[in-house]
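Quick mapping for you: the protein sequence lines, in order, are chains V and P. Per the working numbering, residue 183 is the first one in the first sequence, and the count goes up by one each step. Per the working numbering, residue 21 is the first one in the second sequence, and the count goes up by one each step.
It should be emphasised that the hints constitute simulated quantities derived from the structure, not laboratory data. Some hints here could point you the wrong way.
To give a feel for the contact side, a few chain V residues facing chain P, derived at Cβ under 10 angstroms [unchecked claim]:
hint, residue
1, Tyr257
2, Glu261
3, Tyr265
4, Leu312
This structure is a prediction, so every number in the text was calculated from the model and none was measured. Beta carbons: idealized from backbone N, C-alpha and C, even for Gly.
Residue strings, one per chain:
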Amino acid sequence: MLEVDGVSRRFGETTVLDDVTFDVVPGRMTGFVGANGAGKTTTMRIVMGVLAPSAGDVRWRGEPVTREHRRTFGYMPEERGLYPKSPVAEQLVYFGRLHGMTSSAASSRVHELLERLSLSDRRGDRLDTLSLGNQQRVQIAAALVHAPVALVLDEPFSGLDPLAVDTMAELLREQLRLGVPVLFSSHQLDLVERICDDLVILADGRVVASGDADDLRSSAGVLYRLVLGDGDDAGWLRGLPGLGVADVDGATAIVDVAEPGAEQALLAAALARGPVREFARVVPALSDVFREVVR
Amino acid sequence: MTGGTSTWRLVAAREMRVKMRDRTFLLSTAFMVLVLAASFGVSAFLANRTSTVEVAVAGSESASLVVAAAELAERDGGTELEAVEVASVAEAEDLLRATDVDLALLPAGDGWEVVADSEVDGGARDLLAEAVSAAMIAENARSAGTTSATVLNGADLTERLLDADAIDPGLRTAVGFVFALLFYITALTFGLSIAQSVIEEKQSRVVEILAAAIPLRGLLAGKVIGNSLLAIGQVALLSLVGLGGMAASGRTELLAVVGPAGLWFVLFFVLGFAALACLWAVAGSVATRQEELQATTMPVTTVVMTALFVGLFGSGQVLTVASFVPLVSSVAMPARVLAGDVPLWQSIASAGLVAVTAVVLVRIGARLYEGSLLRTDRRTGLVEALRGADSRSEA
Chain V
183 MLEVDGVSRR
193 FGETTVLDDV
203 TFDVVPGRMT
213 GFVGANGAGK
223 TTTMRIVMGV
233 LAPSAGDVRW
243 RGEPVTREHR
253 RTFGYMPEER
263 GLYPKSPVAE
273 QLVYFGRLHG
283 MTSSAASSRV
293 HELLERLSLS
303 DRRGDRLDTL
313 SLGNQQRVQI
323 AAALVHAPVA
333 LVLDEPFSGL
343 DPLAVDTMAE
353 LLREQLRLGV
363 PVLFSSHQLD
373 LVERICDDLV
383 ILADGRVVAS
393 GDADDLRSSA
403 GVLYRLVLGD
413 GDDAGWLRGL
423 PGLGVADVDG
433 ATAIVDVAEP
443 GAEQALLAAA
453 LARGPVREFA
463 RVVPALSDVF
473 REVVR
Chain P
21 MTGGTSTWRL
31 VAAREMRVKM
41 RDRTFLLSTA
51 FMVLVLAASF
61 GVSAFLANRT
71 STVEVAVAGS
81 ESASLVVAAA
91 ELAERDGGTE
101 LEAVEVASVA
111 EAEDLLRATD
121 VDLALLPAGD
131 GWEVVADSEV
141 DGGARDLLAE
151 AVSAAMIAEN
161 ARSAGTTSAT
171 VLNGADLTER
181 LLDADAIDPG
191 LRTAVGFVFA
201 LLFYITALTF
211 GLSIAQSVIE
221 EKQSRVVEIL
231 AAAIPLRGLL
241 AGKVIGNSLL
251 AIGQVALLSL
261 VGLGGMAASG
271 RTELLAVVGP
281 AGLWFVLFFV
291 LGFAALACLW
301 AVAGSVATRQ
311 EELQATTMPV
321 TTVVMTALFV
331 GLFGSGQVLT
341 VASFVPLVSS
351 VAMPARVLAG
361 DVPLWQSIAS
371 AGLVAVTAVV
381 LVRIGARLYE
391 GSLLRTDRRT
401 GLVEALRGAD
411 SRSEA
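Assemble the whole structure, with the sequences as input and the hints as a guide.
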């Protein structure tokens, strides 16, 4: 497990991170979300040792993380970094070797990765002759080349087309199955919602919510959506006990169930008034959760 | 897992691989080798060239004088004389005007005259004068009932040099010039290549991946060592071509001249380059884009230029002082050694000074490099870079 514990970072007088604490659990995909400037990149740079924290520490399997540990992590920085003028396979082998692989192990791993990423025919080409999407694939290969024990990926999906997103997600799931903890940041909340197991939401340098993604969404409240017959106005349900009305729009209402069971009384009352076209539990979208906690 | 110690080797190997593939680098190296080889070829050609001077002669007496002069010429080498028989003075002058012959040796009054169209070949004239003089002395001696040997008794003039090993000053200047230029070109080429390699990693942001994987010092060491090895390799290659050229063109006397100074040059070159190498890396790391390199490398470039000019134009007291100023001494000290008036302790002391400077500059350089490498937003100031070195823990 990768633990971030009480990490703070100040630049001069400005506090960029304030007591940030969360865990990245092996085999689980942890999505790291937050508005621009919330401190996601700074946190990841501290995890990777590119930046030192002003306070707090990062632990790997219970020990303070060292360079030797980090050498076994895979990292994709926010601003992509590869050698534009070097051949694709050659630089990947170089990264593998810098991470401690032997020359032959690095070569065969690079071969395999490029095959997976459908880049085998470009292995000898200079990086800057590749399209941006393909460069992005090489970038993920650079993070995976040394079979990392943990992955820290800053916006790994940005700039990818939907198909490439799927390939990338599949690659990452494969890593999860190997028991690798994956931390990735993204501002594409729909994407995060789709593939994350855990969530860490950062606002102004503080963790405002973290934990299991489903739990977080449920915690936003138990919502039900009720659609009455045509022409009916749902305004009457405002007076019902144990319910909060989140939204009413003509025959449609979204209610927040404060007391369990109140939704049954609501349904009975509605049926007593006339036809009910729809009655269903609404799971809030991540974006709703996000807006809620960040507000 | 390989240990942390080999990180610099991987980096150095990559630096060298990339450079060895760089067309500009390969072409410029090949060009320098060619120019050097050609310069030996040309000088060998000039040294071995024999010119034949054709001399028009009218009559057997002048013909035998030219033959005698030709024998003298054989003794000296370089110039050959050949007699061309003509019937008259007029014909000789015609041939001269038509440049079919170079000179004419004609009787004039009591003696002889050398005639040319517009210019007399000095070497040939001296030979002819010597032959004429010898023949006339012999003839006059015979008339006086004696021999040339008697007449010339006591007229020998021999040469004796107090310092037979002293180097021809022209040659000394030339070799000093070559040393200075070699230092300048190599230090600048490979120094800039270090700075460029640093800024390339910084500008392409690849440095963040590297920083997460390896200590920055390993990265710096690899760059400096890789490029230094290439620089030394290039100097060695050029030296070999130079030595080979001297041997091939039979100028082995040069070896004795250049040899000791050359060894000092290599030592001072290595020390001087090592001292500057980290500063080149700093010049790269404080910039954010290639375009800023010209400004950030200026201080280092200035040091190299100063070394060049002092080495080229310094003399006397100035050169002596310069030969103790670290970095400038890389050119000045070998120049003094060439002149041959440097006590050994002075060379050693100066080398020691550069070595100490190298250690200090490498340390400061490494700190500045670490402090500025990961700042990608704007150019880093020196104080900021020194402070920045603390912001990243070296686990």
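These are the hints, each one checked on the structure:
1. Tyr257: holds (5 angstroms)
2. Glu261: holds (4 angstroms)
3. Tyr265: holds (6 angstroms)
4. Leu312: With a minimum Cβ separation of about 14 angstroms from chain P (threshold 10 angstroms), the hint on V/Leu312 is violated.
Checked against the numbered hints listed earlier, the structure breaks hint 4 alone; every other hint is satisfied.
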